[in-house]
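S.K.: Okay, here's what each chain looks like letter by letter:
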Amino acid sequence: MIVLFTDFGTSDPYVGQMKARIHEYAPSQQVVDLLHETPDYNAHAGAHLIAAFAPNFPPGTVFICVVDPGVGTGRESVVVTAGGRWFVGPDNGLLSIVAARNADSKVWRIKWQPEVLSTSFHGRDIFAVIAAEIAKGDFPANKLEAKAKLHVEFDAGDLARVIYIDHFGNAWTGQRASSIPAGSRVVAKGGEFSNAETFGSVGKGEGFWFANSVGLLELAINRGNVADKLGLKVGDTIQVYKPN
Amino acid sequence: MIVLFTDFGTSDPYVGQMKARIHEYAPSQQVVDLLHETPDYNAHAGAHLIAAFAPNFPPGTVFICVVDPGVGTGRESVVVTAGGRWFVGPDNGLLSIVAARNADSKVWRIKWQPEVLSTSFHGRDIFAVIAAEIAKGDFPANKLEAKAKLHVEFDAGDLARVIYIDHFGNAWTGQRASSIPAGSRVVAKGGEFSNAETFGSVGKGEGFWFANSVGLLELAINRGNVADKLGLKVGDTIQVYKPN
Amino acid sequence: MIVLFTDFGTSDPYVGQMKARIHEYAPSQQVVDLLHETPDYNAHAGAHLIAAFAPNFPPGTVFICVVDPGVGTGRESVVVTAGGRWFVGPDNGLLSIVAARNADSKVWRIKWQPEVLSTSFHGRDIFAVIAAEIAKGDFPANKLEAKAKLHVEFDAGDLARVIYIDHFGNAWTGQRASSIPAGSRVVAKGGEFSNAETFGSVGKGEGFWFANSVGLLELAINRGNVADKLGLKVGDTIQVYKPN
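Chains as they are written, first to last, in the working numbering: chain X, 1 to 244; chain A, 1 to 244; chain E, 1 to 244.
Since the list gives no way to pick one copy over another, a pair counts as held whenever it fits inside one copy or between any two copies.
Cross-link-like lysine-lysine pairs, in silico, DSBU-like; alpha carbons within 30 Å at most:
| # | residue 1 | residue 2 |
| --- | --- | --- |
| 1 | Lys204 | Lys149 |
| 2 | Lys204 | Lys233 |
| 3 | Lys136 | Lys149 |
| 4 | Lys204 | Lys189 |
| 5 | Lys143 | Lys106 |
| 6 | Lys204 | Lys242 |
| 7 | Lys204 | Lys111 |
| 8 | Lys136 | Lys147 |
| 9 | Lys111 | Lys147 |
Derived from the structure by calculation, the hints contain no laboratory data.
Take these sequences, add in the hints, and give me the full structure.
M.R.: Here's what the structure looks like:
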């Protein structure tokens with residue numbers, strides 16, 4: 001299975017061109033759109049998101065990850081294996097957190113270039129081809145070169161900031177919920193949140209934080225839009241107050 | 001074929017996670033996104049929509065239907081068979097109209113839970129798995145329990161209200177068009193509409209009602225946006241005046 | 001491979017119904033969404049877009065192209081082969097540029113109609129079926145009739161206008177970049193652009209034009225939104241000043 005994780009948007013003709021290229025090289029692979037609305041140009045938020053998503057996918061999954069404002073410049077393209085899964089994308093930090101959180105990580109630089117290479121769309125021209133070959137079990141060793149480590153590495157710890165806002169207005173943070181006791185209070189943009197198990201556990205219009213379906217601390221209002229209400233944006237900080 | 005019908009939105013990472021889970025359990029099934037923008041939290045509008053869509057799909061199709069503000073609380077999960085098709089979703093009314101409109105309907109409660117179950121994403125953790133097993137012909141009898149009827153049932157008659165507005169601004173209603181004579185006038189938010197066969201049958205900027213591609217009465221303006229013009233919203237009523 | 005190119009939008013239930021129909025007739029074909037946000041009703045912009053996209057897809061690809069405000073009226077439906085690829089859609093100009101730019105083009109009128117035909121959704125009821133049959137190698141000769149030429153033909157030369165604006169705000173034009181020397185200046189809505197290879201080649205916030213990934217002249221601002229900044233819209237003209 002090949003999984004796409006980009007900032008290409010869902011309305012533009014970029015994802016489809018990338019998929020067509022994948023199908024050319026790996027006609028029988030399933031291709032899944034995970035997210036095409038990672039915050040634009042924001043490799044840092046993207047790095048926390050892909051690290052949280054990855055463990056929910058089966059081993060052997062190949063992710064194409066593209067948040068790539070430096071496309072066409074000197075930044076390198078890489079393949080990372082981590083936790084039994086594969087990641088193809090730019091070496092701009094985007095893959096550094098999933099790599100750091102898995103002890104078995106390895107990194108390769110993609111040295112291969114196709115004969116015709118656009119300056120702005122390596123997702124189609126390079127990443128799609130490499131991912132297709134890995135997914136069909138045909139590891140492209142001759143197109144790669146082992147690399148000791150990634151060039152750009154973000155801090156792999158939790159990030160106490162909003163990293164994604166969904167269409168319901170729920171605000172995902174880069175804080176993993178497993179380390180936060182249920183009695184903790186969370187404050188963001190003046191709003192205060194206590195824990196609840198899920199939406200239906202609180203009254204309509206009531207805010208709460210919960211451990212979301214990928215294990216991150218998420219802020220929400222039952223049948224409401226917490227991002228609109230508080231003016232929350234990607235990058236805003238949260239404060240977590242653990243119980244005494 | 002598995003068909004997805006949800007309020008997850010097209011931009012968020014929910015649909016992709018659900019699809020990946022389906023592919024794990026039924027790797028060779030085709031999965032089709034029918035609609036991910038059913039009005040948020042609105043099981044009533046959703047129930048009329050899925051009942052209208054279903055007959056256009058081949059027998060054996062498995063629909064995953066998720067408009068589920070009560071996820072993680074006491075509401076039950078169900079499998080419904082109706083008209084030779086399958087429906088997996090919450091027992092909150094969403095599946096009640098398609099069930100009521102088919103004489104052969106049967107209902108099962110999903111008693112199975114996976115070892116790891118999120119509180120907010122049963123679409124991925126439960127419905128995807130059950131639907132995958134049904135679709136590949138491996139009916140999960142041991143995960144289900146026959147149920148006499150659905151717990152929540154909406155009126156299965158027509159609904160003279162707007163239930164969906166598309167990106168052209170066309171307003172779908174819950175009124176089946178087959179029972180409305182062509183000479184009828186329709187009034188909504190002060191606008192008045194007579195019947196036309198299709199868009200090109202009326203002048204540019206002219207409004208009309210027509211029997212849409214799933215048999216519902218729909219309001220439109222040729223090359224215009226009727227919802228914007230009249231301020232129509234999901235839930236607004238329409239009045240149908242049949243000819244004398 | 002079947003590729004979809006429409007103005008159906010990504011949020012509405014039109015694409016899914018069309019795909020389901022394709023899967024009924026050609027269950028093992030890959031179906032790729034190229035673009036569902038071609039400018040609404042704008043067959044002219046669509047014609048330049050599909051002509052630019054097509055050469056990047058492998059021979060044998062079948063495109064379903066729908067920008068079809070005249071659906072249900074007298075306009076004919078056609079199949080076009082051009083450059084070894086197939087195109088199914090309305091005869092309203094949409095397919096005329098890709099046809100004119102390939103010396104081997106042939107045209108057929110679709111004379112077939114299904115027993116149940118909606119007035120507003122020929123993409124599902126006609127085009128999906130014809131495309132599925134072509135894609136699986138079962139050319140539907142009995143449903144077609146050779147036609148000397150298309151009824152509606154647009155000028156197949158370059159179009160010095162904006163034809164698409166992506167979600168980053170980048171403005172695609174109908175001007176093929178291969179004929180524009182790198183030293184050229186481009187003016188649009190009072191903004192002036194010189195050439196750069198790609199985004200990272202200019203400073204943050206700086207505008208430039210470049211040959212985009214399908215060979216069209218595109219206007220952009222590095223990490224900015226050129227369409228918002230200049231108020232650019234589809235249809236706006238550009239002026240190209242070649243160096244002396």
